[in-house]
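Protein chains in written order, with our numbering: chain A, 4 to 327; chain B, 9 to 301; chain C, 937 to 1480.
Hint data in this document are derived by calculation from the structure and do not stem from the laboratory. Keep in mind that the hints are not guaranteed to be accurate.
[As the list claims (entries may be wrong)] Here chain A is said to cover these stretches of chain B; the calculated rule only asks that three of the stretch's residues, wherever they fall, bring their Cβ under 8 Å from a Cβ of chain A: (1) 41 to 52; (2) 115 to 121; (3) 137 to 143; (4) 166 to 173; (5) 272 to 283.
Quantities reported herein were computed from a predicted structural model and do not represent experimental measurements. Where a beta carbon is used, it is the ideal one built from N, C-alpha and C, also for glycine.
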Amino acid sequence: MTLPAFVSHPVVRFLARRVGYSLVVLIGVLVVVFALVALVPGDPVRIALGTRYTPEAYEALRAASGLDRPLFVQFFSYAGSAMTGDLGVSFRNGEPVAQILLDRLPATVSLAAFGIVVACAIALPAGIWSALHEGRLSDAIVRITSQFGLSIPDFWMGILLIALFSTTLGWLPTSGYRPLFGDPVGWLQHLVLPGLVVGFVAAAILTRYVRSAVLEVADMGYVRTARSKGLPPRVVTFRHTVRNALVPILTVTGIQLATILGGVIVVEVVFAWPGLGRLVYNSVAARDYPVIQGAVLLMAVGFLVINLLVDLLYAVVDPRIRLS
Amino acid sequence: MTDRVLDGGRVGSWRLLAGNPVTVVSAVALTAVLVVALTAHWIAPYGINEVDVPNALRGPSGAHWFGTDELGRDVLSRVLVAVQASMRVALVSVVFAVVVGVTTGVVAGYRGGWVDTVFMRVVDVMFAFPVLLLALAIVAVLGPGVTTTMLAIGIVYTPIFARVARASTLGVTVEPYVQLSRAMGTGSPYILARHVLPNVAGPLLVQTSLSLAFAILSEAALSFLGLGIQPPEPSLGRMIFDSQGFVTLAWWMAVFPGAAIFVVVLAFNLLGDGLRDVLDPRQRTMLEARRKQ
Amino acid sequence: MSASRPVLSVTDLHVGIGRQPIVRGVSLAVHREATLGIVGESGSGKSMTVLAATGLLDAPGAVVSGSSALVSEGDPVELIGASPRALRSVHGGRIGFVFQDPGTSLNPLLRLERQITESLEAHRRPTRREAYARALELLDAVGLPDPEAKLGAYPHQLSGGQRQRVMIAIALACDPELLIADEPTTSLDVTTQAQIIDLVRDLQRDFGTAVVWISHDLGVIGQVADDVTVLHDGTAVEQATVLDVFERPQQPYTRQLLEARPLVGENGPSAIADDAGTLLEVVGLDVRFPVTTPVGPSTVHAVKALSFQIRRGATLGLVGESGSGKSTVAAALTGLVRADAGRAVLDGTDVFTVRRSGGRRAEKALRRRIGLVLQDPFSSLNPRIPVAASIGEPLVVHGLADGRAARRARIDELLDLVGLEPSFASRYPHELSGGQRQRVSIARALALEPELLILDESTASLDVSVQATVLELLADLQYRFGLTYLFIGHDLAVIQRVSHDVLVMRAGEAVEYRPAAELFAAPEDEYTRALLAAVPPARPRDAV
């Protein structure tokens, strides 16, 4: 059987390597996630049952969770079912974990998406501008401001914003979530404050990377060549400097987006946002291990998938890979 | 604000460091914080759990510079002790992360081969988990408290040190002077001690400062969620959590603890930046470190 | 002196960075259809002079004064202090630029057609068709094969020489009166360099462009220039026609530069006895190593079944262009890279066997017998330790001097051997010049008291006058101590000066291997002949 021609195409080869690598990491992730519960001191079932403990309930839950089998078997069983979407059932209410996660996903995705959009809207212009004016006052201002953004605890910012905009001024609701498709205006209204918190912090991080990337590119020989052609400054800046910096910036934005997914926990708690983060928090309090496992796994997988997508984009955009 | 890095010896570095005003200011600020952290219990005007209900929810005044909380406790005293606790957690976790991470990274970078591949895959797996999430999960498994917080934050910050150490080590081992040492028969211990570590120390110092900043933020977040430092020990995160119901009534309950976090973290960040301008000549971005897989 | 009208006239140009003067009162003139060669060593200010004179200088804190006027058409345009808009219409429109490094001078994300047409768009208003036609015409004029396909290509798909041709095409896109070429062939192989020199000459003849050619290489200047300006430390030391500068140099600095040049056809090293015996014998050396490209791993077959010998007390010159595998030979011999096949016998010791299975002590003893000096003086020394520590490392590692005092004494001896004063011992590398650092590297290699010294492009990064002194030092040491050298390089003139035998390599294989005298007198292989022909001759081309 001969393989189709496209298999040796450089982009396909590049991606195959990246996918292979991601799979290896995925296995590691599964091991860690599984180990989290395996390492719980004491008996997770007993802890989960807490005051509801009865010998019958104990046996039932234990059997249902498959915790009576040897570790090895448990791991493969867990990994296997995870691959097919079965993540077990919640210790708290017996519902399938996968369903619980799916219910909470839209809220977190809305928040993360809004956040990354805000972050890019701030970071790209600020970082580029700051790099182009390196060493001058405007650069210093951007650098200091981004340092401020990096240093603010996000929950603190959230609480203060609520106090200002919701409680005192009454412009925006204090908490809660409205689904996009049911109530778009409400969706946006509720999204603004938490989204801004997530966005500002991400913007601070992103600005520094954007600035770095642009500075590195600005030093390159082809920028000098562009100037020597007598091109208008705007063309030099955008077609040559910024456009080439976008490639590394794209990579960082992807990493940032993936990082946000995990960073929303605290913001969701502050704003009573019914997303994955708040779910994790509640599950930790209730020792609902299957849900914790499922949520952690989902977020890690999300991170890997986003990185793969960024790599795909990178392969398509950079001719050095596309046409090796 | 950005000083040009000189291809200089140690003498040049110190002078540059001193010449950068931001670095100097943050170093001074951090020294002050360190003093506070060490002497918190002695300089605090009141006890941290000195309940005084009649004086609850009073604003900043001569008697209570930072006001009082809902139980009449002095916010300033609690903030001071909480800062001490935060610093302690941050320091221990970062020391853990440095020791484990740097050893791993240097060994991986220097040895190369399968050792490198294995170590770095493990690091990559750890990187796949968002920081706070992993810390939460660890604390969930081991139970809340100061010790688990230190362990959790330490574990979560180890990969970044491994990456930075490895990238620096790789950068040094490809330098001709290391190749020449190997060619003439110099043993690995000598090369590591004389050539690798001095050139790796710079980026590591930068990363240490930055990680201390983030460790404090992480500890605050964990305490806010009730999983970090447990009451009756005061913690900045917990104080902010407790202030939620009273923000409009008593803004000082939320503002001062948060500002304390902000100031300390900012100082560490600025110091790290200043150090980077001087000590990390190639100013590698995280991207290069990530791309070098 | 060329009789035609001047195109660019520079008067009393001063450039300083902050308080540091870089260019001190330089005046020069470039004429139509003629080439002005600006020659100087590193730090002479040659690039800065031209960049400032054409208004392209972009260094913070730079202070420029004097006059630089474009005088060819209509009213003279003063470039110093001109408005950015005026400069933009001149750059690309009336002055074209070619820079040194073709690898980074082209935007990796843009197709070549775009990189040419954007220059056209900035100065004229061509239609798409006109722009395309012009781009095609230009690529053809610079001698690129299959220009239509090349238009849609990206820079990384071209070789270094081809990229430089594209740079020239871009520079000439709008038919400028003046072409500035700043070290355009320095990063290229000697054969490619010859092609580019011919190309520029042809283009100049066809389009009547005035050219300013900046280089540190007198040989190249001799080939390309009609008039020459010699720069030293920011001043124009001598300015005359090329023939006058080469045959009747007036200034001592010019004479010094001319004398320092290694030239093919000059005397080689002092002869050695016929019965010297063989120190190193290499048979069938084969090296492959893996490389990772973004798309995946692959292997490079760097050295293919190479065999040669080095006589005791003699120098074997190993010549090749980049990618020939010559440095890999050095790496294999010093153990930095593993040899896949072949044998190397150093005075009775089978090198590769010892490395593979000889045990640590034997391996260490072996490493002492081969010394290595690399190309880059700046990265060959650990910047954080003083010179004495660098030189002392082999003494410590191999136990060659007992105790601090003995070590210190030996270090002073070694410094003296390489012509440096004892005070250098406590200095740090950044306080030393390039030539001094290379001497330290040599001292460190000598500290091993090796039987064989491998010099891998060890003078290639040095200024010509400095190179001459280092070569003299090496010759002196060989004579005094009977040292055996493997001298690796790409500059045939240098190779001739130092080598008793020569091995020419290409793509991992030996092309020609003979005693130096025979090879230079009558090269047998076509590749060797091409290499020799490409070397800039001692005397400048005849004036037109």
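Legend entry - Hint check against the structure, violated hint numbers in rising order: Violated: hints 1, 2 and 4.
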